[in-house]
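Trainee: Given next are the chains, with one letter for each unit.
There are 2 protein chains.
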Amino acid sequence: MTTTSETKKLNTDIYEIRRIKASDYEDVTKTLTVLTTVGVVTKEKFHKLLNYWDSVKLPDRPDERMFNPLVIVNKKTGKVVATGMLLIEPKIIHECGFVGHIEDIAVASSEQGKNLGYHLIRSLVETGKRSGCYKIILDCDAKNIGFYEKSDFSKAGIEMQIRF
Amino acid sequence: MTTTSETKKLNTDIYEIRRIKASDYEDVTKTLTVLTTVGVVTKEKFHKLLNYWDSVKLPDRPDERMFNPLVIVNKKTGKVVATGMLLIEPKIIHECGFVGHIEDIAVASSEQGKNLGYHLIRSLVETGKRSGCYKIILDCDAKNIGFYEKSDFSKAGIEMQIRF
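Top line first, the protein sequences correspond to chains U and D. Final position of the first sequence in my numbering is 261; the numbers increase by one with none missing. Final position of the second sequence in my numbering is 261; the numbers increase by one with none missing.
Possibly wrong hints are sitting among the right ones.
Identical copies carry no separate label here, and so any pair may be met within one copy or between two of them.
[Said to hold, decoys possible] For lysine-lysine, the following DSS-like pairs were computed, each having C-alpha atoms within a straight-line distance of at most 30 angstroms:
no., residue 1, residue 2
1, 140, 232
2, 226, 154
3, 106, 118
4, 140, 154
By construction, these hints were calculated from the structure, which means they are not laboratory data. Here the structure is a predicted model, which is why all the values come from computation and not from measurement.
Could you put together the complete structure from these sequences and hints?
Mentor: This is the structure we're talking about:
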């Protein structure tokens, strides 16, 4: 960890980081609109997806999950103000190693500029490290490279996409 | 589909594309060494991982799988000569949409220059399309951008990584 990271501590009097839960429905779907189109996601669909995410365990690790969706809650308001996912992929390569994929990082507009994105990334990275990932990857816009470099990430390749 | 794609048909007298199976152990672990370190992967670990990949279904789609590992077999020799994975990730965004992740594409050195990588990518893309993915993404070296553009992919972002 760099000195920069050590000096930026999350203010735990105000904020809490935890796994997503069913009652986060409204806050999470709203927070994600900062990132992209959410569209029609009913409370029922949201709950079903959370149950699914909870149900998929890692191979040989019945206590650890493939889907690790975290949120940051503002304890004063009780609202979720940031959300992000760590998906853990079990591969053949690297001795049947795990690779973590960080996905769908969103911070509510009202709470931007408070390093919450940084703390969320650190928590997702720690989760992946604990589960034994040999690396964690994510895709970002070129303009966000500097932000991820501050979280000890480095450039690895180019993201390509095909849309239907 | 572009004209380029239509003119490049897989020679099905020689090659077959199918899901990975337990008896592919030696060929697949060998083929993957073209891509990166495989390390010690015993037959038992390989079979356990395949069973795991088979067991994880998509939400509300008991007949469709999250892990879609394909191989190309040379029917004359009976050997696997290429392998690649499509991991399907169920998200909240885009109306609880699915995103496909293409991972670990490897073609045996002896079979390179025969468009097998192209055909493997097309099969993985078709699998994702059938399962209802709204997009499919992959990460590659900058030198392979042209190859993926021929398969109708376009540049989307930068891959960042952290290694432990």
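Trainee: Evaluate residue 226 and residue 154 at a C-alpha cut-off of 30 angstroms and name the case that applies: within, between, both or neither.
Mentor: Result: close both inside a copy and across copies, 16 angstroms intra and 26 angstroms inter.
Trainee: From the Cα coordinates, with 30 angstroms as the cut-off, is the pair residue 140 and residue 154 best called within, between, both, or neither?
Mentor: For residue 140 and residue 154, the Cα distance is within 30 angstroms both inside one copy (24 angstroms) and across copies (22 angstroms).
Trainee: Is the C-alpha distance from residue 140 to residue 232 at most 30 angstroms within one copy, between copies, in both cases, or in neither?
Mentor: between (34 angstroms within a copy, 24 angstroms between copies)
Trainee: Is it within, between, both or neither when you check residue 106 against residue 118 at 30 angstroms Cα-Cα?
Mentor: within (24 angstroms within a copy, 48 angstroms between copies)
In summary, the structure agrees with every hint in the numbered list given earlier.
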